[in-house]
Structures are given as C-alpha cells and as structure tokens.
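There are 2 protein chains.
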Amino acid sequence: MTAIAQQFLAPSNFILQDKDAGRRSFSDLGTKEEMKLKTTGLGEQIAAYQEILYAQHQHKLLVILQGMDTSGKDGTVKAVFGQLNPIGVRSISFKAPTTIELAHDFLWRIHQQVPATGEVVIFNRSHYEDVLITKVHAWIDDAECKRRYAHINAFERMLSETGTAILKFFLHISKDEQKLRLEERIADPNKHWKFDPQDLSERKFWAEYQDTYQEVIHATNTELAPWHIIPANSKTQRNFAIASIVTEKLARMDLAYPAENPALYKLKVE
Amino acid sequence: MTAIAQQFLAPSNFILQDKDAGRRSFSDLGTKEEMKLKTTGLGEQIAAYQEILYAQHQHKLLVILQGMDTSGKDGTVKAVFGQLNPIGVRSISFKAPTTIELAHDFLWRIHQQVPATGEVVIFNRSHYEDVLITKVHAWIDDAECKRRYAHINAFERMLSETGTAILKFFLHISKDEQKLRLEERIADPNKHWKFDPQDLSERKFWAEYQDTYQEVIHATNTELAPWHIIPANSKTQRNFAIASIVTEKLARMDLAYPAENPALYKLKVE
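In the order they appear, the protein sequences are chains A and B. Heads up, the first sequence stops at 269 in numbering that gives the first Met the number 0, and the numbers go up one at a time, no gaps. Heads up, the second sequence stops at 269 in numbering that gives the first Met the number 0, and the numbers go up one at a time, no gaps.
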C-alpha cells in the first residue's frame, strides 16, 4: 500500500496556483458520513499510539499547522487530536508576539514550546508567521527573510537530530472558500468570537500570501521536516488526509511499551 | 592601539598544551594592587555602557564563561560584572540538567536564558558542557558530538544574526594551580560550600578534559562567536584581560541613548 503522506508531500518547485484546494483525494472512501467515521477511527488509533509514546518516554512529535485565516487549523486540532489524553498533548496557538517575545530572536518563544520526550505538540501557527505576515507587509527585507529561512532549517534540523519527528501541513483553501467561511462567521452570532475585522484587511493581500507561502514552502521543504500541502476546501477530506498522515508517521516510529521488569514480579505490596 | 582582545583570540589549530596558563600578559601595568584598581575602573566603564545599552533597548550581549573547576568563573562574574545594575544583567549558572531539561534537546534550557534587547547575560558554564563532560565520559559518541558542534554553531549564528553579541572565554588554569585551589577550599571552612567531592574525581580526567576543550574550541571557534583563551593562574591578570575585552566590545557596539524627543519639552506636568 502506498503511504498516503506521499500524495501530499510538496514536490520541489511546485506551483501553489496549480494545486487545487478543492481536490477530493479520497473519492472512493464512501459518503461524507462514512469518511467522518473513518477519521474518528484514525483519531482513536492516534490516541492509542500516543499512550504508548507517553509510556515509552523516548520519542517526540511536533505537528505544525499553517494556512490562511479560516483554513481550518482549529478544526483540524479538534478532529484529528481531539481524542488524545491531554496529559501527553499540548496545542499551542501562537498569536502576535508580546513585548518580551519581540525582545528576543523569533525562535525564542517557539523553542520553549517544543515537545519533551513522550509528548505530542501541535503548533497552531508557528515560526512560519515570522516569514509570512512579516514578508507580505515588508516588515523584513529579502536578506533578513533568507537569513530566517536558514535559521528555521537549522533549528528544525537540530530538533529532528535530537529526536523530534516533525510534520508540517499547509491547509490550502481557495479565495472563494475563504469568502464563504468569513460570511458564515459574520452571519452566525456563535461564530462572532472567531471573527477579527483584521481578517478582511489581510484578505486583500491574498495573492501576496499565496506567493509568499509558495516561496516559504520551497525554502523550508527539507528531508527531515517536509511540507504536506493539504487541499482544505473540504473539511472532511482535510481531516481524513491529516489524520492518515499522522497515523502513518506514528506507525513508523517504533513505538513500544518499555520492556517488562522481571524484578517487579517478586515485589510484595504490604 | 591594538585591541587587547586580539591577543587572546584562539588561533585556528592552536595547541592548548602550548598555551601557558601562567602567562602574565600585562607585566607592564604596575603592581597587583594597581592592576586591581584598573580592573575596578574597567568595571565602572562596563557599568556605564550597560546603562546606555539598557536605555537604548536595541543590543544584547552574551558572555560565556567556561573552564575547569576552580578556574575562576564565579570570581570573574564578581570582579568584572559586580558593578552592573542588576536590572539589566543576569548571571546564569547551568548545573546538571533536570529531568525536564533532559527531556528536551540540549539547547532548550540555554535558549530560554539568552539576553533580551537591553540585557547583558553571563553564562557560568553553558551548552558547552554538553560536548565536554559528556564527551570525556563517553556518554555521547563522536558522531553525536559532531552533530552537536553543528547545532551549537547554527544556534550561535542565529543569535548573532538576530542581534546578540557573543563573547566566549575559556579560563585556562594549570593542573598544579587547580591542586592549590582545591587544597585551599578543603582547608578553609568558609570555602567548604564551594567544594564538591566530585571535583576530585573529575580531576582524574584532567588530560581528557584538556584534549576535549581543545577540540571543542577548534570546532566552535567561529567568526561571529570566537573563543578567547585567558591565562587564568593569576586572578588579577585574568580579571583585567576579561574586563578589557568586554569594555572593548561594548565600546564598538554603537551604544547611545535614544535620540531626544523634542515633543517632550512642550509637555506640562500638572
């Protein structure tokens, strides 16, 4: 069986515009409801793996989610990782940096949150914002941007070589799909908390963001920490794809409960 | 005037054994008492620079002190940085890593402590312990050690390129000098708190530590973060050398109070 991850790995020199955000990669897997059930099944598998990962206390898994506003980063966390025991998983949402964070290098706040052995950590936005929004608005110049790519690649190499498995996902939606989702947020009072008027001003830079995402993914698409491009107009397709890739990764991580300790059997509990 | 730092920069391919720990680099600067006064004067200058560095809130200075037990790391902090306003300086002593620290990559606890803009931070021991004691006792193999050199160099490059000036000092004492200092600690009840019986067992690995220090300094002696080798059998000579190098560095950092704000003059305080 071909690994599902393979289909989604960003090829070198891909053109983001040619990637169809509406592509249905799993058309043969039944109805929407059936696919949701399958994703829930994968979520259970991920939770089972994570129990072993936690007990084994040896591996670390870092999942990085990036995408335009409304691309479904929060929804992915819920659908794919919602069944994990909170004791061994942390979801970190990186917002606009604080004064103290800005007084340090851009990787300072990121490094503090990387997984410890036995942990799964999800970055909901990440250090990639420091080469995205900053680039689009020309807060940094090209030379600084190139230096940051090198810093990111060195940082991820270090994490990887010290035992952290890294999965990077770009949730790819179309401009039309974002329109629908923003309108939905505006129309539904229960979704008003998710709406930020700034989303509308950032939407004006849609083309610039697409170009920048493409450049960033090209520049940081390394063997140790490759990018997956996930067509994300369909939430069902998106969740199934990511859940599958995470499951595959965990399946290959050589997870096992620590060996039995024969000495324990002789102990008397009084 | 030639910069004092130049004399102490580790040349590529130097042999540590050929470096005289007892060398008196400043024989023409008067008596011991006169030199101590000069060091105090430099300490005042450093304190004055630091006030500006703090107000300017733009530069960061990281000083890394490494050396064998008793080589004078604590003494250097006191003699060179003792006059700084604690508001803008932090001295961090890295001890044996905790369980939580060991569950992360070796740079995790280090990165958390790097200076923010406006700060001077002194590392009393550092990430270099992770290629020293670990190498001497073969807790890591050569391949892992080489990977760590690369991680350290990439990390220090990132810090440097994001605005942190880095000064690295190896306090070089002789084995005989260490003997005297350990005996002093044993003989003086007021110094017992500084004595750790483990110092005696580590002393047995003296030759291995010298070899490893030489290799480590060669491998991490970069243009952006060069090593200074400080003959440290004489505390007076050591302190004067380090105080001079720190002063020189600050003098070249383009420190200045932020520009006046003419609008302020029009303000009325009621």
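Think of the hints as simulated: they come from the structure by calculation, not from any bench. Virtual Cβ for every residue (Gly too), placed ideally from N, Cα, C. Warning: the hint list may mix true and false statements.
Said to hold, decoys possible - With the Cβ distance kept under 7 Å, some of the chain B side facing chain A (calculated, not the full set):
| no. | residue |
| --- | --- |
| 1 | Val76 |
| 2 | Asp104 |
| 3 | His110 |
| 4 | Gln111 |
| 5 | Gln112 |
| 6 | Ala115 |
| 7 | Arg146 |
| 8 | His150 |
| 9 | Ala153 |
| 10 | Ser159 |
What the hints assert, rightly or not - List of simulated lysine to aspartate or glutamate pairs, EDC-like, C-alpha gap at most 16 Å:
| no. | chain 1 | residue 1 | chain 2 | residue 2 |
| --- | --- | --- | --- | --- |
| 11 | A | Lys94 | A | Glu128 |
| 12 | B | Lys94 | B | Asp73 |
| 13 | A | Lys145 | B | Glu160 |
| 14 | B | Lys145 | A | Glu160 |
What the hints assert, rightly or not - Cβ pair distances, simulated, as ranges:
| no. | chain 1 | residue 1 | chain 2 | residue 2 | range |
| --- | --- | --- | --- | --- | --- |
| 15 | A | Asp19 | B | Pro10 | 52 to 60 Å |
| 16 | B | Asp175 | A | Thr98 | 48 to 56 Å |
| 17 | B | Phe13 | A | Gly74 | 45 to 53 Å |
| 18 | A | Ala258 | B | Ala250 | 54 to 62 Å |
| 19 | A | Trp138 | B | Ile91 | 30 to 38 Å |
| 20 | A | Ile99 | B | Ile51 | 19 to 27 Å |
| 21 | A | Lys193 | B | Pro10 | 41 to 49 Å |
| 22 | A | Leu266 | B | Asp19 | 41 to 49 Å |
| 23 | B | Ala250 | A | Lys193 | 23 to 31 Å |
| 24 | B | Pro225 | A | Asp187 | 54 to 62 Å |
| 25 | B | Ala250 | A | His56 | 45 to 53 Å |
| 26 | B | Glu50 | A | Asp19 | 57 to 65 Å |
| 27 | A | Ala258 | B | Glu50 | 29 to 37 Å |
| 28 | A | Ala258 | B | Asp195 | 29 to 37 Å |
Beta-carbon spacing of Glu50 of chain B to Asp19 of chain A - inside the hinted bounds 57 to 65 Å or not: holds (59 Å)
Distance restraint hint 23 to 31 Å, applied to the beta-carbon atoms of Ala250 of chain B and Lys193 of chain A: Cβ of Ala250 of chain B to Cβ of Lys193 of chain A: about 53 Å, so the range 23 to 31 Å is violated.
Evaluation of the interface hint that places Arg146 of chain B against chain A, nearest CB under 7 Å: holds (5 Å)
Assessment of proposed distance window 30 to 38 Å (beta carbons of Trp138 of chain A, Ile91 of chain B): holds (31 Å)
Proposed interface contact between Ala115 of chain B and chain A, which counts if any beta carbon pair is under 7 Å: Given a least distance of 4 Å, the restraint on Ala115 of chain B holds.
Interface restraint verdict for Asp104 of chain B against chain A (beta-carbon cut-off 7 Å): holds (4 Å)
Distance restraint evaluation - Ala258 of chain A, Asp195 of chain B, Cβ atoms, bounds 29 to 37 Å: Once the Cβ atoms are compared, 35 Å apart, the range 29 to 37 Å for Asp195 of chain B and Ala258 of chain A holds.
Beta-carbon spacing of Lys193 of chain A to Pro10 of chain B - inside the hinted bounds 41 to 49 Å or not: violated (60 Å)
Status of the Ser159 of chain B interface restraint (C-beta, 7 Å, chain A): violated (10 Å)
His56 of chain A and Ala250 of chain B - C-beta distance against the hinted 45 to 53 Å: At 49 Å between Cβs, range holds.
Restraint check, 7 Å cut-off on beta carbons, for Ala153 of chain B near chain A: Hint on Ala153 of chain B: holds, closest Cβ of chain A at ~4 Å, below 7 Å.
Outcome for the supplied range 29 to 37 Å, where the beta carbon pair is Ala258 of chain A and Glu50 of chain B: violated (59 Å)
Checked against the numbered hints above, the structure breaks hints 1, 5, 10, 17, 21, 22, 23 and 27 and satisfies the rest.
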